[in-house]
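Chains as they are written, first to last, in this note's numbering: chain A, 271 to 778; chain B, 271 to 778.
When the alpha-carbon atoms are kept at most 25 Å apart in a straight line, the in silico DMTMM-like pairs for lysine to aspartate or glutamate are as follows:
#1 A:LYS575 - B:ASP659
#2 B:LYS641 - A:ASP535
#3 B:LYS641 - B:GLU504
Some chain B residues flagged as far from chain A (calculated, every beta-carbon gap over 12 Å):
#4 GLU357
#5 ARG393
#6 LYS398
#7 ILE400
#8 VAL460
#9 GLU558
#10 THR634
#11 ASN636
#12 ALA690
#13 GLN691
For the record, the hints were derived by calculation from the structure and aren't laboratory data. Cβ atoms here follow ideal geometry from the backbone N, Cα and C, with glycine treated the same way.
The chain contents come next:
Protein chains: 2
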Amino acid sequence: MLLACMLSLISAAQQTPSVQEQVRAYRVAHEREIAGEFVRLLALPNRATDTADIQRNADLIQSMLEKRGVKVRLLRMPGAPPVIIGELLTPGARSTIGIYAHYDGQPTDPSQWTSPPFSPVVREPSGKQIDWEKGANLNPEWRIYARSASDDKAPIEATMAALDALRASNTPPSVNVKFMFEGEEEAGSVHLSDILKDNPDALDADIWLLCDGPVHQSRRMQVDFGARGETDLEITVYGPARPLHSGHYGNWAPNPIVLLTHLIDSIRDMNGKILVPGFYDDARPLTETEKQTLAQTPAADEQLKQELAIRAPEGDGVPLAEQILKPALNVRGIQAGYVGSQAANVISTEAKASIDFRLVPDQTPNNVREKIEHHIRSQGFFIVHEDPDMAIRRAHAHVVKLEWGSGYPAYRAEISNARAQSVVRAIEAATGNPVIQVVSLGGSIPMYLFQGKNHIPVIGVPIANHDNNQHAADENLRLQNLWDAVQVYAAIFTEFNASGEPRSPVGH
Amino acid sequence: MLLACMLSLISAAQQTPSVQEQVRAYRVAHEREIAGEFVRLLALPNRATDTADIQRNADLIQSMLEKRGVKVRLLRMPGAPPVIIGELLTPGARSTIGIYAHYDGQPTDPSQWTSPPFSPVVREPSGKQIDWEKGANLNPEWRIYARSASDDKAPIEATMAALDALRASNTPPSVNVKFMFEGEEEAGSVHLSDILKDNPDALDADIWLLCDGPVHQSRRMQVDFGARGETDLEITVYGPARPLHSGHYGNWAPNPIVLLTHLIDSIRDMNGKILVPGFYDDARPLTETEKQTLAQTPAADEQLKQELAIRAPEGDGVPLAEQILKPALNVRGIQAGYVGSQAANVISTEAKASIDFRLVPDQTPNNVREKIEHHIRSQGFFIVHEDPDMAIRRAHAHVVKLEWGSGYPAYRAEISNARAQSVVRAIEAATGNPVIQVVSLGGSIPMYLFQGKNHIPVIGVPIANHDNNQHAADENLRLQNLWDAVQVYAAIFTEFNASGEPRSPVGH
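Could you build the full structure based on these sequences and the hints that come with them?
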């Protein structure tokens, strides 16, 4: 009796596998094909400022979309990489999901990479390179190494594979899907705002999912209800007009490195605190819902401290999840003279630092700029925004050149929004695990742009592994994260319900 | 009568031109030949660590010496560039002058040079390159651009030309001349001490002239009665074990750049003052003679401030000449992450700084090291001298790697020493101008090594222009300085008197 019952259950399952099961079966059968298409996309250099490279990326992505029956148009503006808009209409669908990702990547320094950034390779956890196109299964712990493997070409490939899997299982999406693939995100999305102003219908959707950034450090899926804004600053301070012998002029000619280190130290302490008066005044306090959501966010601090060899994090004991809800200042680079075997006994003519700021509501790039410049002036510096001439350098004790990037503000969605919660439920259906709901991503994506005039909810649905070396050398994507993403997008495309009601009972 | 008298004077002058006049005439007639030999020497790359390059320099210098009848031997030690010893004996001479220079140069970064560092070119003050091998006269304001043009191959060429000029005028030196040309000075003269211990007779002389460094900023000749010692330090501080996205981890993961800037600021202020407790305790106060000599040193501060576009020098108003008699700390390089167009929103794994210290009597590299390490420890850092492993980085809040160079102490001669003052008078005879007597060079040369067991006086006789970009890109030598140096060496070789008595009345 028991056996008969079990056989009957198995038979029933075999007869009517769920959409999720069919998607999984499709993926398992097509892993090399999916990885192969992904590798072709990753092999294209994609710095936003390299026009010809960017166009090659756009061309390939357009063909990938069109192969899936998606109608494509490119939104162009002089000097900007094209914004790729794709529309897949589903007969009878009453709502539209917008999927955003970007196809440009951060600058690379190939000398720092184990393998060239645009020659994608697969390596096992030991670091050994795998000839992945041969052999049997792909081990899901293997990773693909290439610039933008995680940030942010992975969602492009995963959504394409999800569409393929749904088609193979004869399950059309329940919604219209609108794609927006940007080519200038890592360069600060300088033109996106204007392009969207010229093409406001590009934003028409019931919700926007911004697919960028990493999942939680526990490897569980997370949904981000906001993102910090950003702006950036290049600082140059000046020493003598020509390089000087440090013996003959040392402790008389001003050392620009020391001027710079003192200036930096006056702006930020070792604990992450920004010392500029009034800097935190514009930071909006958390709502009660946000505080509750934050309290439920699992802490990964101890795991990360171990993994990253950090004994004492900045923030004086405040957990990471809370620290990233504050404004932040990161000194991302500093450069003057030479170190190590190239060091020479010279007083440099100038010293440079590069800073990125992370903004929270209701900071704006402009008021950050005003406060920082006011502070730098109060430290006795004469500020210029172009190279100072000799007359300026002779006239002022300390001259500093400040070059600001453009930047954009932060964004936070309403966490309880019904459409957003429908996406959360679809992801939970796909993964069988509760989604970690995050008040705001620490990183920056121009979420604020997507809300449009109608205040459409905008949420982040990241899929990359957290340990992906994003923005740095040896950027990578863990294969399991790519496979999970295929499941997740397939679930969202079939389960989303704009009214917030679950479409179908969830078996998990 | 007047006319007859004048004719007679002119005739007398024509019949018996002075040695100085003959040397000048020889130089004027052979400028292209001298410059040509110099350019061949400058075309040889000469970084101390490049063994084959260094040997090519030593070979050429040996042949240059032997061409002048100087007997040459090379002092060797495994891993060290050869020390070239040359001896030119003068029949009947009762004293010996030692001439030291070095033939190695500082590292170069060709990307910073207007023309390649080892392809010597001549440029006029406007920067225009001159085809100097053709045409009529060489303008003495033209400069030769190449690594080591001033520091320190110029004295090698100038002494050779001085010997040629004396031979052409049938005036043998009045002294024996001993040459020592080192090949490792810019790498800290690491082996020189041991080589001289093995070959103590190499130091036998009545006085050593160390020919390195620049003349006074007024372009007048100077004699240095001392030099600062030196040591150097490479500092590495650590952030997270892998590069992190500054948005997702900013103001939680420790930023190593900020740790480094705070550490530097705790060591040195913007005024050149070293803040390490007790750092100045070992600095010997100036003697009365040194104070008087310092008071007579002409100040070039206002000219330099104009030339170097410096509004407010370090030192709080203390003149340059006095500042360089103090211990000094120069941050010569700092490096982490990227700036400018290469900047990426990353928290770096480490940050590096490179420091050179200038020592005065009675500081030693060892006690500087002890005091700095004690201070760094007091700032909460855990010090290692090799790369720290993950266990060390997990165990300590702030880890710093300190890599010390070897270094050597300062030296000061007795200013009133008779032999030293004889050299001063010979230079005055050659130039017709009072010599600027300097208590101590700001820069470092291993003067202390040359005094030997007998405390032979050691003085510095620099010949390069002060504005020579020494140690940096576009290093150069002004031709007039080369011509002056030929006169000066010829005068020293013929006028020096170990008893301190002038050999002949000086007409100037």
